[in-house]
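**Student:** Letter by letter, the chains look like this.
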Amino acid sequence: MLVEVKNLSYVYSEKTPFEKQALKDVSFVVDEGQSVGIVGATGSGKSTLVQHLNGLIRLKNGKITVLDIDLSAKKPDLKALRKGIGMLFQYPEYQLFADTVASDVMFGPLNFGFSKTEAEEAARRAVNMVGMDYDSVKDRSPLELSGGQKRRIAIAGVLAYRPKILILDEPTAGLDPAGKREMLSLIASLKGEEISTVITVSHNMDEIAEFSQRVLVMNNGKLLYDTTPSELFYRLDVEALGLSLPHTVRIVRLLKEKNIILPEVLTEKDLVAALLAYAGGRNA
Amino acid sequence: MRDVAFGQFYPADSFVHKLDPRTKLLAGIVYIVAVFLCTSYYSYLACFLFLVISIIVSRIPIRSVLKTVKAVLFIIIITVVINILFYSDGKVLWSWWKLTITEQGLIFASKMAMRLLFLVLSTSLITLTTTPMNLTDGLESLLTPLKWIKFPVHDVAIIMSIALRFIPSFMEEIDKIMMAQKARGASFDTGGLIKRAKALLPILIPLFVSAFRRADELAMALDARCYNATPNRTKMKKLTFTGRDVVAWVLTAAFLAIIIMLRTGFFGLL
Ligand SMILES: Nc1ncnc2c1ncn2[C@@H]1O[C@H](COP(=O)(O)OP(=O)(O)OP(=O)(O)O)[C@@H](O)[C@H]1O
Ligand SMILES: [Mg+2]
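So the sequence lines, in the order shown, correspond to chains A and B.
If you count by this note's numbering, then the first sequence holds residues 40 to 323, one letter each, in order.
If you count by this note's numbering, then the second sequence holds residues 14 to 283, one letter each, in order.
Note that these hints are calculated values from the structure, not bench results.
Even glycine gets a Cβ: it sits at the ideal position worked out from N, Cα and C.
All the pointers check out, no bait thrown in.
For each label pair, taking beta carbons as the anchor points, the in silico distance ranges come out as: (1) B:V222 with A:K99: 30 to 38 Å; (2) A:G281 with B:M146: 27 to 35 Å; (3) B:R209 with A:A212: 26 to 34 Å; (4) B:R209 with A:R274: 50 to 58 Å; (5) B:R209 with A:E58: 26 to 34 Å; (6) A:D265 with B:V222: 37 to 45 Å; (7) B:N241 with A:S154: 55 to 63 Å; (8) A:S48 with B:L264: 43 to 51 Å; (9) B:V94 with A:K203: 44 to 52 Å; (10) A:K114 with B:V263: 52 to 60 Å; (11) A:S48 with B:R72: 26 to 34 Å; (12) A:L229 with B:F179: 34 to 42 Å; (13) A:P216 with B:A228: 27 to 35 Å; (14) A:G218 with B:V94: 52 to 60 Å.
Now the stretches of chain B that chain A is said to cover, found in silico as 3 or more residues with beta-carbon under 8 Å: (15) 23 to 33; (16) 178 to 192.
If we take Cβ atoms under 10 Å as the criterion, some of the chain A residues that face chain B in the derived model are: (17) P56; (18) R121; (19) G125; (20) M126; (21) G152.
Please model the entire structure based on the sequences and the hints provided.
**Tutor:** Now the structure itself:
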């Protein structure tokens with residue numbers, strides 16, 4: 040068990056008129072190698088939940104264990120925790136601050152106790168991993184890069200210290216469709232080769248259908264379902280939860296109305312394969 | 014971070030909340046003047062009572078009011094310490110090198126501390142009980158006479174309301190940036206003064222970048238809608254004084270009168 044959350048509750052601004060219960064009795068477990076999506080309407084508590092996982096929000100009620108670190112302990116080892124569980128926020132490019140790309144990417148590794156040369160090596164690896172050429176960008180100011188490049192550098196800044204788990208809170212927000220696709224394939228390529236476990240918060244159901252093996256559905260601070268994408272999109276009433284359907288599932292449904300029955304596919308690749316198989320079957 | 018946003022509006026249904034913002038601003042000015050007129054301990058007591066009663070009537074929990082003091086406690090302590098150590102008149106209680114602690118110095122410093130506390134508490138009581146919009150409307154209305162000397166009252170009011178409008182956004186922004194840097198292993202509460210100051214760079218730089226970006230976006234949005242600060246814009250909500258305000262004026266005037274009487278020894282009667 041990489042991540043274990045038990046009876047987690049959280050209230051913002053407790054005992055003030057702004058009091059807001061953001062999480063109610065949430066429990067789940069994530070095992071090594073999984074890729075988990077977290078979905079839910081806006082304000083349902085997704086960000087609050089993932090911010091608990093690397094100790095950005097102090098645990099008040101419940102129990103969390105991440106990478107064998109007990110967050111309910113009096114003084115959990117936050118450095119070790121945050122080194123093991125990388126986190127990328129919405130618009131990660133807004134966190135860039137250093138005067139050069141190299142020193143920005145090295146910020147994390149140096150904080151986590153890498154030596155100067157190790158950090159430099161880690162930065163080179165990470166920048167190349169996100170598809171940029173380290174030697175040509177290392178001395179440039181991160182602020183003069185394009186939006187997409189900034190985001191890549193921000194991702195490199197997290198990959199550089201080699202976290203085991205990667206948490207992404209709306210990684211594709213504000214990107215155009217091509218940028219989204221690029222970003223997602225980047226994340227998909229990292230999973231497995233570099234990072235064993237990915238937890239993604241997303242409003243985009245296409246992303247969930249494409250990349251997650253498991254989905255947690257949040258509703259009003261509660262964990263409503265802990266299920267698979269095909270169960271969620273084909274069995275449960277997704278629209279009632281304020282969520283949309285992925286395009287692939289919509290196409291399958293539309294075709295069903297026209298009496299074209301396809302298997303319950305989720306990814307685009309599978310949909311194309313199913314359509315081709317269907318057409319092939321008819322021609323034969 | 015949003016928890017510590019000091020002086021933010023605290024919604025409640027109270028006499029003080031319902032007062033016209035101009036009444037509160039004027040009462041605040043009178044109170045500050047009164048605090049500086051204080052000499053005897055009785056007058057400090059009067060200021061203290063006036064403040065405590067106002068806080069009680071405003072139905073804001075003491076905890077939230079005191080939180081605003083926390084933000085400036087450091088400044089108050091420094092002032093007090095410097096005053097104690099460098100005040101050299103009066104009976105010497107303790108002395109070493111150029112530093113002396115005198116009886117007079119202690120009295121002076123404690124009065125200073127009370128003044129500062131009263132100032133902070135009274136101004137934060139105004140911002141806690143008044144929405145930013147009302148506050149700027151009230152200020153604009155109070156400053157209107159300055160139009161005679163060509164002071165751009167309306168523009169200043171707009172600038173203030175935009176600034177106030179952005180404070181919560183900035184708090185949120187700081188929160189987000191801090192989280193992102195903490196996730197990358199930054200720590201803001203360890204090390205000496207210089208190390209801590211340096212640790213703020215990863216927050217301040219993104220914050221400035223985003224502030225300029227926001228300002229740019231806002232300017233563009235205003236231009237795109239052909240905004241100009243016409244002086245004769247009408248208000249959605251007109252400010253009006255009610256009986257409540259009259260009560261507040263009378264009480265404030267009575268308070269000021271008491272302070273003045275205490276200062277002059279009841280005009281020589283005592
Ligand atoms: N710092 C805060 N202070 C007070 N309340 C907050 C704070 N952050 C979030 N909340 C409230 O807690 C609830 C859950 O917020 P959270 O950000 O976890 O939702 P979310 O599911 O991530 O939403 P979104 O999809 O919009 O990002 C919301 O009602 C929100 O208003
Ligand atoms: Mg969120």
